[in-house]
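Colleague: Model the placement of chain B on the given structure of chain A, informed by the hints.
Residue numbers (our numbering), protein chains in the order written: chain A, 1 to 182; chain B, 1001 to 1352.
FYI, nobody ran anything at the bench for these hints, they're computed from the structure.
Note that the structure is predicted; figures quoted are calculated from it, not measured.
All C-beta atoms in this analysis are idealised placements derived from N, C-alpha and C, irrespective of residue type, glycine included.
All clues stand as given, with none of them false.
Okay, the calculated beta carbon distance ranges per label pair:
| id | chain 1 | residue 1 | chain 2 | residue 2 | range |
| --- | --- | --- | --- | --- | --- |
| 1 | A | 159 | B | 1265 | 46 to 56 Å |
| 2 | A | 98 | B | 1124 | 17 to 27 Å |
| 3 | A | 98 | B | 1084 | 19 to 29 Å |
Far from chain A, by Cβ distances over 12 Å, these chain B residues were calculated:
| id | residue |
| --- | --- |
| 4 | 1014 |
| 5 | 1028 |
| 6 | 1191 |
| 7 | 1206 |
| 8 | 1319 |
| 9 | 1342 |
Chain by chain, the residues run as shown.
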Amino acid sequence: MPGVGPKSAQRLALHILRATQEDVDRLAAAMHEVKEKVSFCRTCFNLAEGMLCPVCSDPGRDATVVCVVEEVKDLAALERTAEYKGQYHVLGGCISPLDGVGPEDLRVRELLERVGRDGVHEVILATSPTVEGEATAMYVSGLLRPLGMRVTRIASGLPVGGDLDYADEVTLGRALEGRREV
Amino acid sequence: MIELLRVHDLRNYHDAEFRPAPGITTVVGDNGSGKSSLLESIGLFATLSSPRAPSLKVVVREGCEEGGARLETTDGAQLGVFVRNGRTVLRIGSSPAQARDFLGRSKCVLFTPEDLDLVRGEPALRRRAIDDLLVQLRPRYRSMRSDFERALRQRNAALRDQRSTEAALYGEPLAIAAAQILESRRDVVERLGPLGAELYTDLAERGSLELAYTDTSDSHGVTGDELVARLTGLYAQTLHTDLERGRTSIGPHRDDLEITLDGREARYYASRGEQRSAALAFRLAELRLLPGAALLLDDVLSELDPERRRRVFDVTQSEQTIITATDLDVIPAAAKIEATWSVVDGKLREAS
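Excised from the complex, chain A in its bound form (with noise of 0.2 Å):
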């Protein structure tokens, strides 16, 4: 289990043993239920019931901007903010040497099918702002490019709510260099 040191495991182990026999009885349905029922959207791999995610099936999401994260967990977090009107693509990782992970192993030919049968206009990569996530990134605004659409990504900068005296070198350094127009 990801995250679950040897001490949670046996804090885990000793809950469930005290436990009702139904609490557990509960949990084992839905550990089943989600493997049976949860699987990855065919067009983006979000999670999904069924064939499509909830943000696929919903015909108020603009089809014709997709943003690419990594991770399931990068979609969601997006979804919280409530900004972003348009669809998804989950890769599924990151280009990494070091663990073995190459494009071969992440969504990308699915990526390229899509925008060229879907008639996307833009493309957003919010990979994380790591040296593999850029990395990810140069690698799928290069094979994007040449198909003609328009491909951001996204800014990193400072937190809102934040004063300027307490940011760190790195993100203020960035946050000068993504600086606008007003």
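Modeller: Below, chain B without anything else, positioned relative to chain A:
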């Protein structure tokens, strides 16, 4: 300046308190008593690394889960560095802190017997000396360096596995990170150069000392986006040969600091004594770039002849200086010592 240092379960210390004077403080003890460890613990606050160990795991006292130190500066900052299960935990006051906020609050220049090999030793020693200085000068440098190391490891992994697409892909991220490292190092060596030359003369050596950054990418004078473009081009050009070698042949990880005396490479032509003075001049020049930094001299005076020892004190008289020695005899009579401490088996005591 350091007001107070408390060491907890670090190396051979269980719980010790050290209060250095504003000027010169000496710490006297036998070999293995804990003199170097005391200076090492002060160095932790400056660079978050140990000059003696690649990982901080080993600094924790044997049998303990956690070890570390707290430091109070004369301007009231309270800093803490703790190592727990191999992880470093930082504190400013009573709140957890990030390295980028922590670095630069307690600066120091540490001169150890190993530094006497700075001139003729491996290039890695000299790169490390420059990096340790930069980490203290620019808090951002540490994350720049870890980005560079990350990109380099990714490209090398791709090269080793003969995956040319990924190796080519990591060329540009590597170039971006390498350009930042290269510019920072070139800049700091340029500033160190004249100071080092001046101090070398002050240390009563004849001849003129020069420091120059030797850059494997040969990008002298190229900066900014142009430098990134140049490096990106180089990584593309060398992709084929690098794939054969299975590693990245060009970049800051292969650069060096060239130290010359009267235009000749000091590591081949200078005498042992001149090499030591050059190393010392280099460290003392760092001190000039780090206002308010403490100078830590770890058992090096015994390695210098009496004339050079005397000169060291002439050039460093105004700084907070902590000197360790096995014997007070090595300290020149003219030196103004404000506090004397002794250490026996991890126990520190101020001599009255």
